[in-house]
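Peer 1: In case you want the letters, here they are:
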Amino acid sequence: MSAFQDLACEEIIKGIEDTGADYLLTLPCSTIGKVIEHFENSDTITSFPISREEDGVGIASGISLGGQFPIMLIQDTGIGNSILAITTFALAYHVPMLILVTRRGGFGEINSAVNLFSEPLPEILDAARVKTFKLDYRVPLKEWSTAIKHGAKYAKDTHRPIIVMFNIKGGAEQ
Amino acid sequence: MMSRFDALKILYKYTENIPVISSCGNTSREWASLGRRDNHLYMVDTMGLSPSVAIGVSLTLEKKGFKKCIAIEGDGGVLMNPNSLASASYLNTQKWMLIVFDNECFASTGGQCSLASRINIAKVAEGFNLRAIQTDNAEDFEKAVQNSIEEDGPIVIHVKINQENQKNPFINDDPAVLSYKFLSFLN
Ligand SMILES: Cc1ncc(C[n+]2csc(CCOP(=O)(O)OP(=O)(O)O)c2C)c(N)n1
Ligand SMILES: [Mg+2]
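If you're matching them up, the sequences are chains C and S in order.
With numbering that gives the first Met the number 0, the residue at position 126 of the first sequence is 125, and numbering never jumps.
With numbering that gives the first Met the number 0, the residue at position 85 of the second sequence is 84, and numbering never jumps.
Just so you know, not all the hints are guaranteed correct.
Covered stretches of chain C, going by a simulated chain S footprint (3 or more residues, C-beta under 8 Å) [to be verified]:
no., segment
1, 63-75
2, 82-91
Taking lysine-lysine and the BS3-like style, the derived pairs with C-alpha atoms no more than 30 Å apart in a straight line are [as the list claims (entries may be wrong)]:
no., chain 1, residue 1, chain 2, residue 2
3, S, K180, C, K130
4, C, K148, S, K180
5, S, K63, S, K180
I should point out that these hints are in silico values taken from the structure, not numbers from a laboratory.
Virtual Cβ for every residue (Gly too), placed ideally from N, Cα, C.
Sequences and hints are given; from them, build the entire structure.
Peer 2: What follows is the structure in structure tokens.
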């Protein structure tokens with residue numbers, strides 16, 4: 000793992016801890032294994048794996064309606080598996096949650112298909128009015144944990160799902 | 000065989016103080032027609048998601064007084080999101096209860112044939128290591144509901160029903176209001 004990825008993972012861990020969230024729902028991306036492992040052993044946040052992101056949005060919504068705060072950590076293709084639940088349930092029913100999304104596609108990507116979803120994803124989310132904040136090499140790493148913490152607060156204060164997306168491969172804008 | 004409405008009337012009797020999340024289409028409409036309550040969350044879209052939402056709610060109920068959180072879903076909805084069965088099993092959510100109304104069709108969209116005529120949903124649930132009860136009549140259904148509410152552990156009640164749909168008005172309330180009532184009831 001490159002130094003940038005290692006440092007990014009540490010910042011993401013710090014950011015998640017700073018939110019004070021109760022639950023972390025995860026479906027791994029190869030780049031954030033370290034984050035998932037960290038929270039598997041956490042005493043403060045209950046973390047568990049999900050089998051499909053749409054189910055995850057439903058579970059996270061239930062947690063939120065029950066008065067606790069959930070974060071989902073998924074890769075960006077998982078938005079493709081859950082956009083209906085994000086819009087017609089979490090957004091429509093004003094259910095706060097933070098969705099942390101790792102970017103695929105772009106420089107450094109060797110998968111020959113995933114770019115076809117990952118590249119247009121920011122436009123898809125904009126068109127669907129799902130508020131998304133993007134972190135990449137242009138935002139100093141030490142700001143990432145702050146952005147994650149603010150993302151969680153913004154979700155609660157504005158009563159909706161908020162996405163914070165990060166490109167931890169480094170490299171140019173996607 | 001019971002209709003969906005017959006079964007809902009039975010469920011209504013036993014759930015005055017239990018959170019109930021109902022699936023989109025005619026199920027929520029028939030359920031609301033029995034009398035709206037703040038412990039009800041009516042889903043107006045997102046087919047198949049009610050069991051997932053109920054898992055999340057039931058996780059937060061561990062320290063609250065409610066006996067269960069019940070999801071009502073159709074055969075079409077459950078086969079659209081069988082992942083919820085995997086999650087309920089994996090998380091072993093003690094207060095999660097799923098009622099599947101299986102009419103072997105997509106009744107809400109006009110009764111088109113679904114896949115459930117060749118798939119036993121109770122066995123699917125058992126394949127996910129969930130406890131499942133199969134019923135096809137009012138008496139057994141009533142007993143299953145009464146017993147399951149009192150017992151700990153995730154449970155699926157698979158009910159074969161006929162294909163009848165009641166004519167009821169659409170629920171077109173602002174979903175934010177629907178969720179606010181439910182959230183206020185829970186918290
Ligand atoms: C993703 C998606 N596809 C299709 C529909 C249209 N639709 C609404 S209700 C429904 C039928 C649901 O069938 P089932 O879960 O078996 O419930 P039933 O109406 O039979 O009680 C369908 C197909 C939808 N709402 N969402
Ligand atoms: Mg059906």
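Peer 1: For which of the previously enumerated hints does the structure constitute a violation, in increasing order of number?
Peer 2: none
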